[in-house]
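Q: Residue-level listing of the chains:
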Amino acid sequence: MNGAELTLANVSKSFGGLMVIDHLGFTVKGGSRTALIGPNGAGKTTVFNLVSGVYSIDDGKILLDGEDISTVPPARRIGHGMSRSFQNIRLMPHLSTLENVMLGEHWRRRAFSLARGRRAVEAAKSALADAGLQTYPGQVVANLPYGIQKRIEVVRALLAEPKILMLDEPAAGLNTAETDDLRGLLERVSARGVTLLIVEHDMQFVRRLCDHVVVLNFGQLIFEGTPDEVHRDPSVIEAYLGADSQPKPVQATKTAQVS
Amino acid sequence: MSGYMSGVLAVLLINTIIAYSVFLPAAAGLLNLGAAGFVLIGGYTAGGLTSQAGWPLAPAILAAGLFAGAVAFVLAFPILRTRGVYMVLATFAFAEVVGGICLNIPSLGGATGLSVSTYAGLPVVIPTTVCVGVFVAWLLSTRLGLAMRAVHDDENVSLLFGVNLRMVQVAAFTVGGALGGIGGALLVHQFNFIDVQTTGVLFSIYVLLYVLIGGTQTAWGPVAGALFFTVVPEILRSMSKLDASMKFLETGRFIVFGIAVVLIMIARPEGMITRTLIEKVQGLFRRRSSPENAG
Numbered sequence: 001m002n003g004a005e006l007t008l009a010n011v012s013k014s015f016g017g018l019m020v021i022d023h024l025g026f027t028v029k030g031g032s033r034t035a036l037i038g039p040n041g042a043g044k045t046t047v048f049n050l051v052s053g054v055y056s057i058d059d060g061k062i063l064l065d066g067e068d069i070s071t072v073p074p075a076r077r078i079g080h081g082m083s084r085s086f087q088n089i090r091l092m093p094h095l096s097t098l099e100n101v102m103l104g105e106h107w108r109r110r111a112f113s114l115a116r117g118r119r120a121v122e123a124a125k126s127a128l129a130d131a132g133l134q135t136y137p138g139q140v141v142a143n144l145p146y147g148i149q150k151r152i153e154v155v156r157a158l159l160a161e162p163k164i165l166m167l168d169e170p171a172a173g174l175n176t177a178e179t180d181d182l183r184g185l186l187e188r189v190s191a192r193g194v195t196l197l198i199v200e201h202d203m204q205f206v207r208r209l210c211d212h213v214v215v216l217n218f219g220q221l222i223f224e225g226t227p228d229e230v231h232r233d234p235s236v237i238e239a240y241l242g243a244d245s246q247p248k249p250v251q252a253t254k255t256a257q258v259s
Numbered sequence: 001m002s003g004y005m006s007g008v009l010a011v012l013l014i015n016t017i018i019a020y021s022v023f024l025p026a027a028a029g030l031l032n033l034g035a036a037g038f039v040l041i042g043g044y045t046a047g048g049l050t051s052q053a054g055w056p057l058a059p060a061i062l063a064a065g066l067f068a069g070a071v072a073f074v075l076a077f078p079i080l081r082t083r084g085v086y087m088v089l090a091t092f093a094f095a096e097v098v099g100g101i102c103l104n105i106p107s108l109g110g111a112t113g114l115s116v117s118t119y120a121g122l123p124v125v126i127p128t129t130v131c132v133g134v135f136v137a138w139l140l141s142t143r144l145g146l147a148m149r150a151v152h153d154d155e156n157v158s159l160l161f162g163v164n165l166r167m168v169q170v171a172a173f174t175v176g177g178a179l180g181g182i183g184g185a186l187l188v189h190q191f192n193f194i195d196v197q198t199t200g201v202l203f204s205i206y207v208l209l210y211v212l213i214g215g216t217q218t219a220w221g222p223v224a225g226a227l228f229f230t231v232v233p234e235i236l237r238s239m240s241k242l243d244a245s246m247k248f249l250e251t252g253r254f255i256v257f258g259i260a261v262v263l264i265m266i267a268r269p270e271g272m273i274t275r276t277l278i279e280k281v282q283g284l285f286r287r288r289s290s291p292e293n294a295g
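Residue numbers (our numbering), protein chains in the order written: chain A, 1 to 259; chain B, 1 to 295.
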């Protein structure tokens, strides 16, 4: 399978008078493992919300494999080959793990087909097993621990069989072992050709998993490159990463930018 | 079975059907305080058909369901534009309008009500209720049912996973309306009479309570709710006759009942029957059936 290429072309979005995304343009290459990083409020989640259709864009274009999807209704976008997870867990609390995960491939099913059809259940169970979650299929998700719920969200998005998988802070709140498991899972997904776009604050996770990093600040692109290049770039260090060797300029610039 | 007992049972079963009419929209996150409206539509339609047009009972019940469903379908579009408490008010207003219309159609008997001679006893009510119960359980087990429950939990995320939000909610509301019509058709033939007073505001509130107290997460919820609301007052009534010290229940049983409802709401805020409860019960059975796994 070829992963989808996602391009934001000159995209803008304002909320009231606040321009959250400011003429933003970047490309996530098909099959790449791209990280989207930046300080809090940089607009990372807003990018996800614009691409998935939670918000409509004010200006610009969002291209998925060259096709402008910015006017496609949100419910249809999953059919164009994208799926996502959420920064704060957005599982259906009263549904079981299996039912939550099956929602991922819901868009391909007919309304009156049985939800627990054998093939659908098997597909969902094997996806859960692949993520190490085989022990939880029948349980109502509200009663499960945070780390498990976090991974169920990833499996749900995966079951949509996306060409591009967008994960919003998938490693947040996970312990080291869980983070390693997640990285293993995402590497296997990537090996199938799926494009990964990941918002993540855990830079070690990003460095190990991703081959391309896009850095945002105040809704604008400030840098993109390989993880190593990003770690060396002064503008990124200043805006986001911080550096022990030069704390003063970082502090000073930040204050100046905020005020 | 005594006439009294079979009467109580018939009312319990009819109440269960009407509870399902509110349950389906509630399972999809829609609060419907207009049950009385659909019950009146179904009751007057079926009653009119059997008493004035000479229809047999079964097709009259079916026609009542279809007509109430059609009204619900048309009504769904404006009603679904509202949210939360405004939806409650809109559905409530709908029921009032239906009551007003029925009251002002002379051929339906107006304020004196409509008498029908065809009687629907337990042989009609029991199979109808079973059919409705099986149908609702089947509906919940389909993709549409899964989508309804997903929409109940999170509309926005459901949308992003390709759930046709509007279609799911319209379907839930329409099928609910049809079931309300069927319930009304049974009710009018059980009592051989219907008037606007049969199903007032209080009736709609009770039916919504059946569902909310019983639980909106599984098809067992409305059964439990209807059972609780039908049987507990009857038990309290018979207790008042047992002993002189219980005589206060004769007039005070609704106070006791009201307190019981409040206590249940405190102890089971998501309803008496929840998914978690069923999970626990299933866990108990599994442990009992496989003792080697114990400990």
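Derived by calculation from the structure, the hints in this document are not laboratory data.
The beta carbon of each residue, even a glycine, is placed where N, CA and C say it ideally should be.
Incorrect hints may appear among the rest.
Said to hold, decoys possible - Covered stretches of chain A (in silico footprint by chain B; criterion: 3 or more residues with CB under 8 Å from a CB of chain B, positions within the stretch not fixed):
(1) 173–186
(2) 221–235
What the hints assert, rightly or not - Between beta-carbon pairs, the in silico distance windows are:
(3) A/73 - B/235: 50 to 58 Å
(4) B/131 - A/41: 53 to 61 Å
(5) B/110 - A/114: 43 to 51 Å
(6) A/58 - B/269: 38 to 46 Å
(7) B/269 - A/29: 31 to 39 Å
Q: Evaluate each hint against the coordinates.
A: Here's how the hints hold up against the structure:
no.	hint	result
1	173–186	violated (count 0)
2	221–235	violated (count 0)
3	A/73 - B/235: 50 to 58 Å	holds, 53 Å
4	B/131 - A/41: 53 to 61 Å	holds, 56 Å
5	B/110 - A/114: 43 to 51 Å	holds, 48 Å
6	A/58 - B/269: 38 to 46 Å	holds, 42 Å
7	B/269 - A/29: 31 to 39 Å	violated, 49 Å
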